[in-house]
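Quick mapping for you: the protein sequence lines, in order, are chains A and B.
Reading the first sequence from the start, the letters are residues 3 to 341 in this note's numbering.
Reading the second sequence from the start, the letters are residues 5 to 337 in this note's numbering.
Any given hint could be a false lead.
Listed next, with one range per pair, are the computed distances between beta-carbon atoms [what the hints assert, rightly or not]:
1) R326/B <-> A60/A: 53 to 59 Å
2) G256/A <-> Q270/B: 28 to 34 Å
3) P309/A <-> R260/B: 46 to 52 Å
These aren't lab readings, by the way, just hints derived from the structure by calculation.
Treat the numbers as computed from the prediction; the structure is a model and nothing was measured.
For glycine and all other residues, C-beta sits at the position ideal for the given N, C-alpha and C.
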Amino acid sequence: MTLRIGIVGAGNIFERGYLPALLETDAVRITAVTDLDPDRTAAAVARLPDATPEPSAASLAARDDVDAVLVLTPTDTHADLAIIALEAGRHVLCEKPMARSVADAARMADAAAHAGLRLMIGHTRRFDERWTTMYEAVRAGRVGDPVYLFRSEHAFNGAPAGAWPWLDERGGGALWDVGIHVADLFHWFLGEPPVTAFTKLLRARPEAAEGRGSDAAVVTFDFGPARHAVLSVSWIHPPGWGPFYATTEVVGTGGKLLADDRDAHMTTVVAGTALEVPRYSPLLSATATAFRRELEHFATAVETGEPFRIEPNDALVAVRMIDAAERSARSGRPEPIVP
Amino acid sequence: MSARLRVGIVGFDHPHVLRFAPMLAAHPHVSLEWIAEDGVNRAAAEAMANTLGTRFVPEPVGGIDAAYVATRPRQHLDVVGQLAPEGTHLLLDKPIALTIDQGEAIIDLARRAGIHLMVPFNPRGQLGPQAVKARIDRGELGEILLVHAVKAGKVPLTIPGLDASWLTDPAEAGFGGFGDIGIHALDGLRWLIGREARRVYARIHGGVRPELRVDSIGSATIEWEGGTISTLTAGWANPDGYPFFLDARFEVVGSRGAARVDHPYQEVQLADTSRSERLAVARNDAVWNLESFIGAVRRDEPPPITGEDGLRALELLLACYRSADAGAEVDVR
Numbered sequence: 003m004t005l006r007i008g009i010v011g012a013g014n015i016f017e018r019g020y021l022p023a024l025l026e027t028d029a030v031r032i033t034a035v036t037d038l039d040p041d042r043t044a045a046a047v048a049r050l051p052d053a054t055p056e057p058s059a060a061s062l063a064a065r066d067d068v069d070a071v072l073v074l075t076p077t078d079t080h081a082d083l084a085i086i087a088l089e090a091g092r093h094v095l096c097e098k099p100m101a102r103s104v105a106d107a108a109r110m111a112d113a114a115a116h117a118g119l120r121l122m123i124g125h126t127r128r129f130d131e132r133w134t135t136m137y138e139a140v141r142a143g144r145v146g147d148p149v150y151l152f153r154s155e156h157a158f159n160g161a162p163a164g165a166w167p168w169l170d171e172r173g174g175g176a177l178w179d180v181g182i183h184v185a186d187l188f189h190w191f192l193g194e195p196p197v198t199a200f201t202k203l204l205r206a207r208p209e210a211a212e213g214r215g216s217d218a219a220v221v222t223f224d225f226g227p228a229r230h231a232v233l234s235v236s237w238i239h240p241p242g243w244g245p246f247y248a249t250t251e252v253v254g255t256g257g258k259l260l261a262d263d264r265d266a267h268m269t270t271v272v273a274g275t276a277l278e279v280p281r282y283s284p285l286l287s288a289t290a291t292a293f294r295r296e297l298e299h300f301a302t303a304v305e306t307g308e309p310f311r312i313e314p315n316d317a318l319v320a321v322r323m324i325d326a327a328e329r330s331a332r333s334g335r336p337e338p339i340v341p
Numbered sequence: 005m006s007a008r009l010r011v012g013i014v015g016f017d018h019p020h021v022l023r024f025a026p027m028l029a030a031h032p033h034v035s036l037e038w039i040a041e042d043g044v045n046r047a048a049a050e051a052m053a054n055t056l057g058t059r060f061v062p063e064p065v066g067g068i069d070a071a072y073v074a075t076r077p078r079q080h081l082d083v084v085g086q087l088a089p090e091g092t093h094l095l096l097d098k099p100i101a102l103t104i105d106q107g108e109a110i111i112d113l114a115r116r117a118g119i120h121l122m123v124p125f126n127p128r129g130q131l132g133p134q135a136v137k138a139r140i141d142r143g144e145l146g147e148i149l150l151v152h153a154v155k156a157g158k159v160p161l162t163i164p165g166l167d168a169s170w171l172t173d174p175a176e177a178g179f180g181g182f183g184d185i186g187i188h189a190l191d192g193l194r195w196l197i198g199r200e201a202r203r204v205y206a207r208i209h210g211g212v213r214p215e216l217r218v219d220s221i222g223s224a225t226i227e228w229e230g231g232t233i234s235t236l237t238a239g240w241a242n243p244d245g246y247p248f249f250l251d252a253r254f255e256v257v258g259s260r261g262a263a264r265v266d267h268p269y270q271e272v273q274l275a276d277t278s279r280s281e282r283l284a285v286a287r288n289d290a291v292w293n294l295e296s297f298i299g300a301v302r303r304d305e306p307p308p309i310t311g312e313d314g315l316r317a318l319e320l321l322l323a324c325y326r327s328a329d330a331g332a333e334v335d336v337r
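Okay, chain A solo, but in the shape it has when bound (with noise of 0.2 Å):
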């Protein structure tokens, strides 16, 4: 049965990550947006056939055919968003990161738990082939014993002061809305949380510097005596720098996992001085192949009952692993993540 969605929310990542993924797939129909913009919730009803507006989250959670919530919100609503759609007997999937808080984020996976509903976090590199490559080289001992991990991120970020993700207690800058993957990475690779994590940040642009949100952060990630892992996340890229680049190394006793600029299929064209990097997707941080996967496992694991690949508590150790990072940002010293 294909399971019919509400949208909570229409903007960047709807536009530029779902949408594409929404119209290639059968696993999933969608029914009802909503988003406090009537103008994008009449923008986004048109790119979907079978989906009519509703004025509010409350209202299109309470609809008859909406069996399930996409919260695709600025990170702060989050957690207000999904527990309405929990209460009204909704499963939710949730753009990452699950919240801006550990509590908010805890908030959230109680109230699926004891609503018997399930709550899956939009971690869409866990379905990206490139990341899911190297996550089973990595667990099928193709490096030995990993005791390194890096993983940078980097991109020029073009939202406008004043927008969320610049804003600290909003989207949290840098360090929240791009680390929340890197975290979730490092635990996903090696199978458990960190001990610690110490962190520099920046607020070197002057959107970050009136926003308060970093933006590049420096993240060591202890994991006990033999393994670390480091995360750089960063917006200040130059803009003629390209709009999204990554590398990943995954140093073991038995080998060395790399995945850069080189592997990445990406032409590189030098026009002036600026380096421009053309797109093989709308958001090079994930393919539209990777949000496709996405969406029809959430469809088929609500079905069938079987486990998300990224269940709430797994969620909520990438937000413990960022909050942590952002305490040592302030005090100074590695602070540890409280289980």
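Fit chain B to the supplied structure of chain A, relying on the hints for placement.
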């Protein structure tokens, strides 16, 4: 100076000697007088001397204007104490010493003798980092905000031509893989950023090669004067089957521009269905370091990398290890 510079090689333990010795022998402004070695690499040194048509001696015998010192760093102070008072200019391979006290004593000996002392570091001689440095100095990148450095090599236990196993002996090498290879990048960061490091947090461990008695990998987050943040991951992280001996990367993000340099060397790689082999490599860094030293001595000018630079790199490296031991961020000085 029109006559050839008379140069001796003291010690045959540092792997760089395999490049510097033939380059010195072939240099038009140098006369390689002798190679002195009396340790485990005596036979290798003797073979190299024969190949190059120079004299092998167990101990330094004088009659030189300058020396390249390729002993273990633990011996540096003794060697400098012997050669500097004779007025011998010194290319002293890295690290300058194992402790700050030794390093300061070495610099003091050189100053009092009025000799030129240079510590060779590779990134300064590599074409990519040089191009980035030139752009930084011209202000094209604006204020330097964030720098990532990676320096990963193979365990130096199978270097053909000499026995470098002392690099895995804590008493002899002082450090493991992070220090052995990372000190190049620490100097590279200092040079690119153009400021001194203030604080560092590091994790260093032997995870890659737990059978060794020294560390094999580490990562450091360094905060510099002016607020620049940098990271460095360094060590013996490349398995023997890895197609490149070395991964060396600098990524510099400034307020007005960014630059990334990778693959420091132009290499000729031959790969078949099961393995790859490096047939040739253009080591601009070795050429640059040697030419810089010889040029400085011939023109009687300060070398581009001084003993003080070598000491600052050592100080930063020691701070990384102090932080790793303490599990906390530490001040560099």
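Hint numbers contradicted by this structure: The structure conflicts with no hint, since it agrees with every one listed earlier.
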